[in-house]
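K.L.:
So the chains spell out like this:
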Amino acid sequence: DQQVKQNSPSLSVQEGRISILNCDYTNSMFDYFLWYKKYPAEGPTFLISISSIKDKNEDGRFTVFLNKSAKHLSLHIVPSQPGDSAVYFCAARGSNDYKLSFGAGTTVTVRA
Amino acid sequence: DTAVSQTPKYLVTQMGNDKSIKCEQNLGHDTMYWYKQDSKKFLKIMFSYNNKELIINETVPNRFSPKSPDKAHLNLHINSLELGDSAVYFCASSQGAGTGNAFFGQGTRLTVV
Chain A
1 DQQVKQNSPS
11 LSVQEGRISI
21 LNCDYTNSMF
31 DYFLWYKKYP
41 AEGPTFLISI
51 SSIKDKNEDG
61 RFTVFLNKSA
71 KHLSLHIVPS
81 QPGDSAVYFC
91 AARGSNDYKL
101 SFGAGTTVTV
111 RA
Chain B
113 DTAVSQTPKY
123 LVTQMGNDKS
133 IKCEQNLGHD
143 TMYWYKQDSK
153 KFLKIMFSYN
163 NKELIINETV
173 PNRFSPKSPD
183 KAHLNLHINS
193 LELGDSAVYF
203 CASSQGAGTG
213 NAFFGQGTRL
223 TVV
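So the sequences go chain by chain: A and B.
For what it's worth, the working numbering labels the leading residue of the first sequence as 1, then goes sequentially.
For what it's worth, the working numbering labels the leading residue of the second sequence as 113, then goes sequentially.
No lab work stands behind these hints: they were computed from the structure.
From a predicted model like this one, the values you see are computed outputs, not experimental measurements.
Hints may contain errors.
[As the list claims (entries may be wrong)] Here's a subset of chain A near chain B, in silico, CB distances under 8 Å, partners left out:
1) Leu-34
2) Pro-40
3) Ser-49
4) Ser-52
5) Phe-62
6) Phe-89
7) Asn-96
8) Asp-97
9) Lys-99
10) Phe-102
11) Ala-104
Ideal placement from N, C-alpha and C gives every residue a C-beta, glycine not left out.
Sequences and hints are given; from them, build the entire structure.
P.N.:
In structure tokens, the structure reads:
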């Protein structure tokens with residue numbers, strides 16, 4: 001039973017434009033959310049996170065938005081760059097959880 | 113200086129064999145994990161150790177046995193390998209529960225033939 005869902009398996013965007021990745025979750029006990037970026041043949045690397053007490057967190061070109069009532073979060077990348085082409089995983093955990101629950105990932109392709 | 117390193121990166125073996133994957137972290141974290149990424153690309157938790165104590169053991173066949181000799185190491189031993197065990201296995205570490213990011217190794221692509 002997938003508690004974290006990324007319904008868009010892929011996204012293609014032109015260089016310089018905005019990339020918007022979406023993620024939904026079903027477990028109301030989740031209160032910490034993360035985005036990971038993964039290149040082929042490498043492990044996932046942490047990108048940005050947000051606690052449930054916030055609705056927005058920004059780090060350079062990356063911004064994560066959290067809508068707790070809708071159980072929805074999104075990652076905005078502005079502007080998109082060719083090096084952003086990768087698989088992006090949404091993950092979540094509860095305050096007493098050790099494990100992360102992951103979505104299936106969204107493959108982003110940034111076109112020149 | 114790699115934070116979480118796992119070996120080997122690639123492993124090709126025949127059905128029925130026994131194999132091990134090793135993982136080491138130099139971040140000083142107290143918790144280590146094994147995740148499996150299957151053919152559908154889902155990353156799913158298998159095991160977790162906190163201070164050498166097993167704290168997570170998801171529904172995984174008994175053929176899989178984790179071993180944590182110390183806080184910095186978590187190895188995965190697999191007995192009697194089956195075709196369905198083919199996947200990418202990721203080791204990770206974090207500090208405690210709740211908030212805090214997990215750091216992942218580069219993965220071990222296991223292919224059972």
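K.L.:
Indicate, hint by hint, whether the structure satisfies it.
P.N.:
So, going through the hints one by one against the coordinates:
| no. | hint | verdict |
| --- | --- | --- |
| 1 | Leu-34 | 6 Å, holds |
| 2 | Pro-40 | 10 Å, violated |
| 3 | Ser-49 | 6 Å, holds |
| 4 | Ser-52 | 10 Å, violated |
| 5 | Phe-62 | 14 Å, violated |
| 6 | Phe-89 | 7 Å, holds |
| 7 | Asn-96 | 6 Å, holds |
| 8 | Asp-97 | 6 Å, holds |
| 9 | Lys-99 | 4 Å, holds |
| 10 | Phe-102 | 4 Å, holds |
| 11 | Ala-104 | 6 Å, holds |
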